[in-house]
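Engineer: First to last, the sequence lines map onto chains Z and D. Take 1 as the starting number for the first sequence in the numbering used here and just add one per residue. Take 1001 as the starting number for the second sequence in the numbering used here and just add one per residue.
Among these hints, one or two may not hold up.
To be verified - For the chain D half of the interface with chain Z, some residues (derived, Cβ under 10 Å), not all of them: (1) L1078; (2) A1174; (3) G1183; (4) S1270; (5) L1272.
What the hints assert, rightly or not - With the C-beta cut set under 8 Å, the calculated list includes, among others, these residues of chain D facing chain Z: (6) L1064; (7) V1066; (8) A1083; (9) R1086; (10) E1090; (11) E1094; (12) G1095; (13) T1163; (14) L1164; (15) A1168; (16) D1175; (17) D1177; (18) A1178; (19) L1181; (20) S1185.
Think of the hints as simulated: they come from the structure by calculation, not from any bench. Yeah, the Cβ is synthetic: ideal placement off N, Cα and C, and Gly gets one too.
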Amino acid sequence: MLVVENLHAGYGASEVLIGTSLTVKPGAVVALIGANGAGKTTTMRAISGVLRPSRGRVVLDGKDVQGLDASRIARLGLAHSPEGRKVFGPLSVEDNLLLGAYSRLPKFLGYKASARADLDRIYELFPRLKDRARQSAGTLSGGEQQMLAIGRALMARPKVMLLDEPSMGLAPVIVQEVFRTIRRLKEEGITLLLVEQFAKSALEVADYAYVMERGRIAVEGTPEELGRNERVIAAYLG
Amino acid sequence: MNPSIIGQMAVSGALMGLVYALIAYGFQLTYATSKSINFGQGELVMVSAFFSLTLTNLGLPYWLMVPGGLLFGALMGLAIERAGIRLALEQKSEGWILLSIIMGLFLFSAAENIWGRDDRPFPTPISADPIRVLGVDITRLELSVAVGVFAIMGLIELFKRRTLLGKAFEAVSADRDAAELMGISATRTVMLSYALSGAVAALAGILVSPITTVGPTMASALILKAFSVAVVAGLDSGFGVVLIGMALGALESLASFYLGSGWREAPGLSLLILALAVRPTGVFGKAVIRKV
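Model the full structure from these sequences, guided by the hints.
Structural biologist: Written out as structure tokens, the structure reads:
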């Protein structure tokens, strides 16, 4: 569903990614783990087009998408829930969710009626968002903002979802809740690429995992295989 | 001092001030989406007014001339975005400042060549007969300024709050990258904001010209005041520009009446300096709060 080949990208003169390759099969949850600064978030940004890759290929559902605008890639079926959540603070929770489905909805009026089923699904998944539907997103707690960011990405009914550091800055109880949600989405058959600091939790939910080191993939395998790899245990699971 | 004269001057001034507010509102529209403004906005007001005058002289009725003028303004806004602003923004440079000034100068010379250097009257079917409201004489012409300004600002605010495209506009203002991730094209949204800003500038020209006449130099007089209003009110409050615009218009008219017309520009410039010294984000500007 998503294939990344030999991806190079960076900021200005400094190259952060030096040939990252990975594959996400349909219906699989794939974890991308690694130390701070290894290039996990940069990989996500280069895939979704927020950052233009300097070299390499990104194939989404059979189409080459590297070099396209982020908005174009999003319309082709990729939803990226970015690091730091990036909800639209001044807009209401419901408006944030509706914008998640932007490309499918009528642009002037009647958009809410068209999105009703999707909204209900998100509210069922995150009942707290329903209570706060009219509140501006900037007033939500960090955990609620994370749920909103996930909900907003799901509203697009994406072919592939990228989820970057959903546990960042959240209390342990909330982190557990986030992972419960991810497990539920997995049961529903979502195709997900997950970047996580908490390697252990990420490997518990993943079907396959990649370990990044200094801009490229160092080790890959099923969670069981990585769990037996001494280097991975020492660096990330210890 | 006669209180009824003060009232009269203040009200006429405040109504004129709404024109400054409308031009300042045009700055806010493009600043919201792209953090850039068109420094040639005054020239945009002026050429749109000239174009509308030409439409009128061709025999177009008022109700057809207005949308024609607005459309022209919107197209000019788009042209300025495409030919100048975008080139700078794509390189993350502040070059849009200079580019928009240059395009303004270009429009100024073009107007002089096409329509001449003289100020010309702008015929309108709206009568200049005064109506008495609470002891103050207001002409229908002045009233048309208020109606026009509130109508277009109201429509644009309604568009931003009620339509999905308008919400996308707000999303790009809040976080451009995140909006792109929703499939919203930031480039197109910036284009839309420049088109709206151009239409708003054209309307300002159409509303003010019957009162002030049309001429190539009208740009510089208007733009300085609109700029003062935008800076004093801040670049994100539509309500703020209306309030500050009316206050500035009233002050100006009182200053020129009591101190002499040479002092007409003084209130605007003093306010501008004061605002930059005391509150650079503007009276109604929001200090940015970020949650991490």
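Engineer: G1095/D was flagged as interface toward chain Z. Is the shortest Cβ-Cβ separation under 8 Å?
Structural biologist: 19 Å, violated
Engineer: Quick check on the hint: L1181/D CB to chain Z CB, less than 8 Å?
Structural biologist: 5 Å, holds
Engineer: May I ask you to test the interface hint for L1064/D with respect to chain Z, counting a Cβ-Cβ separation under 8 Å as satisfied?
Structural biologist: 25 Å, violated
Engineer: Hint check: is the beta carbon of S1185/D less than 8 Å from a beta carbon of chain Z?
Structural biologist: Given a least distance of 4 Å, the restraint on S1185/D holds.
Engineer: Tell me if L1164/D is really an interface residue toward chain Z, meaning its C-beta lies closer than 8 Å to one of theirs.
Structural biologist: Check passed: Cβ of L1164/D comes within 4 Å of chain Z, closer than 8 Å.
Engineer: Against chain Z, run the beta carbon of E1094/D and see if the smallest gap drops under 8 Å.
Structural biologist: 18 Å, violated
Engineer: Against chain Z, with CB atoms and a cut of 8 Å, does the hint on A1083/D hold up?
Structural biologist: With a closest approach of 21 Å, the A1083/D hint is violated.
Engineer: Hint A1178/D vs chain Z: min CB-CB distance below 8 Å?
Structural biologist: Holds, because the Cβ-Cβ distance from A1178/D to chain Z comes to roughly 4 Å (cut-off 8 Å).
Engineer: Go through the hint on A1174/D and say holds or violated, using the shortest Cβ distance to chain Z against 10 Å.
Structural biologist: Since chain Z brings a Cβ to about 4 Å from A1174/D, closer than 10 Å, the hint holds.
Engineer: With a cut-off of 8 Å on the beta carbons, see whether D1175/D makes it to chain Z.
Structural biologist: Holds: closest Cβ of chain Z sits about 5 Å from D1175/D, inside 8 Å.
Engineer: Hey, does the S1270/D contact hint survive, CB to chain Z under 10 Å?
Structural biologist: With Cβ-Cβ at 32 Å, over 10 Å, it is violated.
Engineer: Should the interface hint for D1177/D be scored as holding, given a Cβ-Cβ cut-off of 8 Å against chain Z?
Structural biologist: With Cβ-Cβ at 5 Å, under 8 Å, it holds.
Hints 1, 4, 5, 6, 7, 8, 9, 10, 11 and 12, counting from the list given before, are not met by this structure.
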